[in-house]
Amino acid sequence: MKGPSPMRITPVEKYSIIEKKIDNEKLSFRSISGYLREVNIWVSNSTAYRVLKEKGMVGPYMWQDPIGKDPKYEPYRPNMLWGEDWTAIWIDRSYWNLLTVIDYFSRMIIKWDIVQYVTKESVQKILYQSYKLQNIKELEMKPIIRFDQHKSNISWETLEFLYKLELDISPSRAHRPTDNPRMERFYRTIKTDDIKIRYDDYNQAKDVIAKYIDHYNNKRPHQSLWGYTPAYVHKIGNKSCIYDHYRSKIVKARKNRLDYWKS
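Anchor point for the sequence shown: position 138 equals 125 in this note's numbering, and the numbering is continuous, going up by one each time.
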């Protein structure tokens, strides 16, 4: 007769998965797996999916990217490669822009702003603010900036400004949004989560987006980061250490299950 399996989850783990889904039906099974870690419950994405599917609580998976469409940029430390871009939002009766800088290693939003018009001045301002926030002056290797070929990005004034800061650039190809994939992925995320893209006034937009980005950086588990948050990964700065921590927690969870079923 076979003994207990470490893969067999406990009733508490199963109940926690279902309860989290009931509390927020918009959460995917991947997000649920990440959020449960906050209460020291370590279940895999596949386990969360299986439990929810058994209960008929799995919705259709949206936004699956075709294989091979996402260019691969894999920096090995924070502040090695940044993405900069903007996306339209609606305030009152006119379009504004959410201007953002993201770190490719951690996927953390370093700096953001809401501007009515994207100009070379607004681009220089947000990149300089990012530079100051991350203390880039002290780094021997400065970030490479990934952005499109909009005139605000590649004006001679902007290029001269970046040259003085010793920041290299990597312009994407024309009409190729997938050349800046992690920036595009963030905008897709922010527009498909709870945040809206229409606001009554500027202050409302600023408040809602500030709260969401704080949640995204510090609370929201990220699938590509093994369910850790961007801010945590940015702070640790070493994905090998983070993965080792993740694996140790999985091993401990399996041992706890064995102990539970043996008792």
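Keep in mind that a hint or two might mislead.
Mimicking BS3-like on lysine-lysine, the simulated pairs with C-alpha atoms at most 30 Å apart in a straight line are [to be verified]:
1) Lys40 with Lys1
2) Lys112 with Lys1
3) Lys119 with Lys107
4) Lys107 with Lys178
5) Lys178 with Lys206
Because the hints were derived from the structure by calculation, they are not lab data.
Hints, verified against the model:
no., hint, in the structure
1, Lys40 with Lys1, "12 Å, holds"
2, Lys112 with Lys1, "49 Å, violated"
3, Lys119 with Lys107, "18 Å, holds"
4, Lys107 with Lys178, "25 Å, holds"
5, Lys178 with Lys206, "17 Å, holds"
Comparing the model with each earlier hint shows a violation of hint 2 alone; every other hint is respected.
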